[in-house]
Every structure is written in C-alpha cells, then in structure tokens.
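Peer 1: Sequences listed follow chains A and B, in order.
Here our numbering is used: position 44 in the first sequence is 1370, and no number is missing along the way.
Here our numbering is used: position 195 in the second sequence is 1521, and no number is missing along the way.
None of these hints come from the bench; they were simulated from the model.
Please note: incorrect hints may appear among the correct ones.
Same chains, same label: a pair holds when it works inside one copy or across any pair of copies.
Using 25 Å as the maximum straight-line C-alpha spacing, the simulated SDA-like pairs for lysine to any residue come out as follows [stated by the list, open to error]: (1) Lys1381 / Arg1370; (2) Lys1366 / Gln1385; (3) Lys1366 / Asn1355; (4) Lys1468 / Gln1423; (5) Lys1468 / Thr1511; (6) Lys1468 / Asp1458; (7) Lys1468 / Leu1502; (8) Lys1381 / Leu1531; (9) Lys1358 / Ala1432; (10) Lys1381 / Gly1391; (11) Lys1468 / Ser1422; (12) Lys1468 / Glu1410; (13) Lys1381 / Pro1518; (14) Lys1358 / Gln1509; (15) Lys1358 / Thr1536; (16) Lys1366 / Asn1487; (17) Lys1381 / Ser1419.
Protein chains: 2
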Amino acid sequence: MECCLPGSTFHHLNYLDMPDPRSVEDLKNALKRLPGVGPKSAQRMAFHLLERDRKGARQIEQAIGQALTRVNHCVQCNNFCETELCEICASASRNSQFLCVVETPADLEAIEQAGVYRGKYFVLMGHLSPLDDIGPDQLAIKELMTLVSRNTVEEIILATNLTLEGQATSDYLCELLAESQIQVTRLARGMPMGSELEYMDPGTLNQAFTNRSTP
Amino acid sequence: MECCLPGSTFHHLNYLDMPDPRSVEDLKNALKRLPGVGPKSAQRMAFHLLERDRKGARQIEQAIGQALTRVNHCVQCNNFCETELCEICASASRNSQFLCVVETPADLEAIEQAGVYRGKYFVLMGHLSPLDDIGPDQLAIKELMTLVSRNTVEEIILATNLTLEGQATSDYLCELLAESQIQVTRLARGMPMGSELEYMDPGTLNQAFTNRSTP
Chain A
1327 MECCLPGSTF HHLNYLDMPD PRSVEDLKNA LKRLPGVGPK SAQRMAFHLL
1377 ERDRKGARQI EQAIGQALTR VNHCVQCNNF CETELCEICA SASRNSQFLC
1427 VVETPADLEA IEQAGVYRGK YFVLMGHLSP LDDIGPDQLA IKELMTLVSR
1477 NTVEEIILAT NLTLEGQATS DYLCELLAES QIQVTRLARG MPMGSELEYM
1527 DPGTLNQAFT NRSTP
Chain B
1327 MECCLPGSTF HHLNYLDMPD PRSVEDLKNA LKRLPGVGPK SAQRMAFHLL
1377 ERDRKGARQI EQAIGQALTR VNHCVQCNNF CETELCEICA SASRNSQFLC
1427 VVETPADLEA IEQAGVYRGK YFVLMGHLSP LDDIGPDQLA IKELMTLVSR
1477 NTVEEIILAT NLTLEGQATS DYLCELLAES QIQVTRLARG MPMGSELEYM
1527 DPGTLNQAFT NRSTP
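Could you put the whole structure together from the sequences, leaning on the hints where they help?
Peer 2: Shown next, in the form of structure tokens:
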C-alpha cells in the first residue's frame, strides 16, 4: 500500500509535531489551567468552542474579562464583591453579633439557601492545605483576626467543611481565637437528613452516637 | 439562638437569590457552555480563576479571543487552519491519491502520531448524531463530495470511530460514494495491540475471528 511508510507499523519519525494551528494549541493549553481539565478535556473543549459554539466562546471570553476587571473582595467579609462592601455586610437586617466563618463563596451560598442563618459571614477563600502550598498566609486569616478584634462579634460559628483540610483549618482558628473573649462554636455533627444508617460511614455514626440527644 | 430564623430548620424564603456578584454569576453561566461542565464544576472553575489563578484566567480570555479571530477551516481538508490551506494539504510530500476521512482534528492527530499514513485527509468535524441535531448538513459532507469529484483521489479510507455514530457516518458516506469510481476502504477491525482476550468485548472478538488471517 503506497500510502504507508515502508515496512513500519509504529514509525515515530514522520509525524507532525503540531498538526493543530498555533491558536488552537494555545487555546488547549490555556483551557488546561481550569481545575479538573486535562489534555483530552481541553482538546474536546477547544474543538467544541471552535466548531460548535463560537457564540459561547465569545461569551466566556467576555465573562472572564468582565469578572477580572470588576470582581474584588468585600473589605469586611472577604467574599467576592463588585463594590467595597458586599450586600450581606451592607445589610442592616443581618445580626452582626454572629460571624459564620466558611471556606468558599459556595459554602456561604449553601447556608443562605437553607435560610437558617441571619448573622454575618467571613469567607476564608480556601482551607489549609500544605500539599497545595496553602498555609495561613494564603488564607484571609489575618483579615479575620482584624475584623474580630475591632468588631462587636459575640459568637464565631466555624462552618468549615468536615473534610481533613476543613477540620485542620477549624482547629487552627480555634487556637488563634482561644485568647479572645468571643464564644467559638462549630456546626453540629451527626446523621444528615434523609440518610439511612445502613449506608452511613463509621465516622458519622460515631459522632451521631456521641452527640445523641433526647427527642 | 438569635442568629437563626425562629422555629424553622428548612425555611426557603429568606435566602438571597443571588449571593454572588453579577460578574461571578455571568462567569459561571458562561463556563457552563463548555462541554462536560455542569453548575458545580462551573462554580469551582470560577472560584479557581478568580481566587487562585487570575493570570490563567487572562490567558484563557486571550487564547479564546485569538482563536476565534484566527482559526478557520482549510479550504481543502476542512481541518482547523490559520491560513487558506493547511500544512498537510500544502505539502508536496503527501500522496494525494489517498484520502483519509476522519471525524475530528484529534483523530487526524492520532493517525499522524502513529506515523503510518502519508496520504491526505478530510476532516468531517463530527459524526452523524440525530439526537444532537447533527445531520449530513451539519457535517462537511458536501465539501467532501466536491473535493472527491474534482480531485485525483484513487482511494478513500474511511477512518471514523468504531462507535455507533461513527459507523453510521461511515455507512452513509459509503452509500454516497458507491456511484463514484473511487475505491472505498475502511480501517481493519480486530484485537488492539497489547490487548488480552480475557478482557475483550464480544463485538471485537467477533470481528477478530471473522477477519482472521494467516500469520
């Protein structure tokens, strides 16, 4: 067969190093910077944007540009914000005696959607994670301490995730706050609503038994 | 506890409809247009870009802008291209008697990296998929037929994927090309290199037995 290289099934010399044009390669490399996106996903995304959804590509381009320009941190709670003070911090109807410390804006959102909390927040923007080079200086812990020292907070509710990193962050904050006169609490641990004992992990069952209460 | 809404654990009235600033919401919505990205991934990506990698965000923004402006289709093979004719189509060292039809640029790249083929290509940019509203008109089939009719192609190698959609596309092209005098072939079917019988699916084993050859 004349179309094939002579006598070689796995010949690695004659292939093009970069069959895709420069801009497509650049786009794939850029998309790989998104979390959870590897070379294959990046390729699929680049193909999709260029071949099936150029309008969507333009939308992403503009949204990134706009967000980079406009989004900063609320000077009080450290959440993402387009103004100096975010909506919650600026609100007079939120009780500023309570400060709920969360890892991310998504956590804050989840609590807001549960509609159970009317105090204020502080967003750390992450958790301690030495493996990812995220120590206390990479989180907004200094800002939290400043806020706590000058504010009228009476109770700090530590609402970090119940993961290893979240708990380490919570423990670290507990130590820092031990000297202050402020009451520090954490979210209750136990069985989540709708759960079945059969499928519950030992750690949760352990907490559920330890923290059992009268009905 | 004064911080809580009275007497309600699951109160859905008082939550904020959009706790994130407008630009963050826009960014999340834009990122959802990427294939395989749902609301949770989009949120994680937006957070990552804004909090951990603003440089990367700028890189993505610029790469999209550049790709949208520069990347078009090669007038001959329909692959992504920044010039009128792509590198392979413009090359004098490629045998234009052979035309290999693939679904995507990634497929072309895989064949190039195997280094086994020295003919030319045609990139359909997808496969027939009625469920996704991709029919013959959404693929570059008309362009393929034009190329075939005016060119000196002697053999067309159908190298679509061995998925249902890929095979349907291949069957459709076979029918269209039946009237022409050009020889139409398809890639061999059988056991992939390095595979073990024990883990092979029945369809592949079936093909491997049917197409068996003397060593």
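Peer 1: For every hint, state whether the structure bears it out.
Peer 2: Evaluated hints:
1. In this homomeric assembly, Lys1381 and Arg1370 come within 25 Å of each other (Cα to Cα) both inside a single copy, at 17 Å, and across copies, at 23 Å.
2. Taking the shortest Cα distances, Lys1366 and Gln1385 sit within 25 Å of each other both inside one copy (22 Å) and across copies (19 Å).
3. For the homomeric pair Lys1366 and Asn1355, the shortest alpha-carbon distances inside one copy (11 Å) and between copies (22 Å) are both at most 25 Å.
4. Taking the shortest Cα distances, Lys1468 and Gln1423 sit within 25 Å of each other inside one copy (20 Å), while across copies they are farther apart (69 Å).
5. Taking identical chains as interchangeable, the C-alpha atoms of Lys1468 and Thr1511 lie at most 25 Å apart only when both belong to the same chain, with a minimum of 20 Å there against 68 Å between chains.
6. In this homomeric assembly, Lys1468 and Asp1458 come within 25 Å of each other (Cα to Cα) only inside a single copy, at 20 Å, whereas the closest approach across copies is 51 Å.
7. In this homomeric assembly, Lys1468 and Leu1502 come within 25 Å of each other (Cα to Cα) only inside a single copy, at 10 Å, whereas the closest approach across copies is 70 Å.
8. Taking the shortest Cα distances, Lys1381 and Leu1531 never come within 25 Å of each other, neither inside one copy (50 Å) nor across copies (44 Å).
9. In this homomeric assembly, Lys1358 and Ala1432 come within 25 Å of each other (Cα to Cα) both inside a single copy, at 23 Å, and across copies, at 16 Å.
10. Within a single copy, Lys1381 and Gly1391 get their C-alpha atoms as close as 15 Å, and across copies as close as 11 Å, so both meet the 25 Å cut-off.
11. Taking the closest pair of Cα atoms, Lys1468 and Ser1422 come within 25 Å of each other only inside a single copy of the chain (19 Å); across copies the shortest separation is 67 Å, beyond that limit.
12. For the homomeric pair Lys1468 and Glu1410, the shortest alpha-carbon distance inside one copy (18 Å) is at most 25 Å, but the shortest distance between copies (56 Å) is not.
13. When the C-alpha separation of Lys1381 and Pro1518 is checked against a cutoff of 25 Å, the pair qualifies neither within a copy, at 42 Å, nor between copies, at 39 Å.
14. Within a single copy, Lys1358 and Gln1509 get their C-alpha atoms no closer than 44 Å, and across copies no closer than 41 Å, so neither meets the 25 Å cut-off.
15. In this assembly of identical chains, Lys1358 and Thr1536 lie within 25 Å of each other by CA distance neither inside one copy nor across copies; the values are 45 Å within and 42 Å between.
16. In this homomeric assembly, Lys1366 and Asn1487 come within 25 Å of each other (Cα to Cα) only across copies, at 16 Å, whereas the closest approach inside a single copy is 31 Å.
17. Taking identical chains as interchangeable, the C-alpha atoms of Lys1381 and Ser1419 are never at most 25 Å apart, the minima being 41 Å within one chain and 38 Å between chains.
When each numbered hint is compared with the structure, violations occur for hints 8, 13, 14, 15 and 17.
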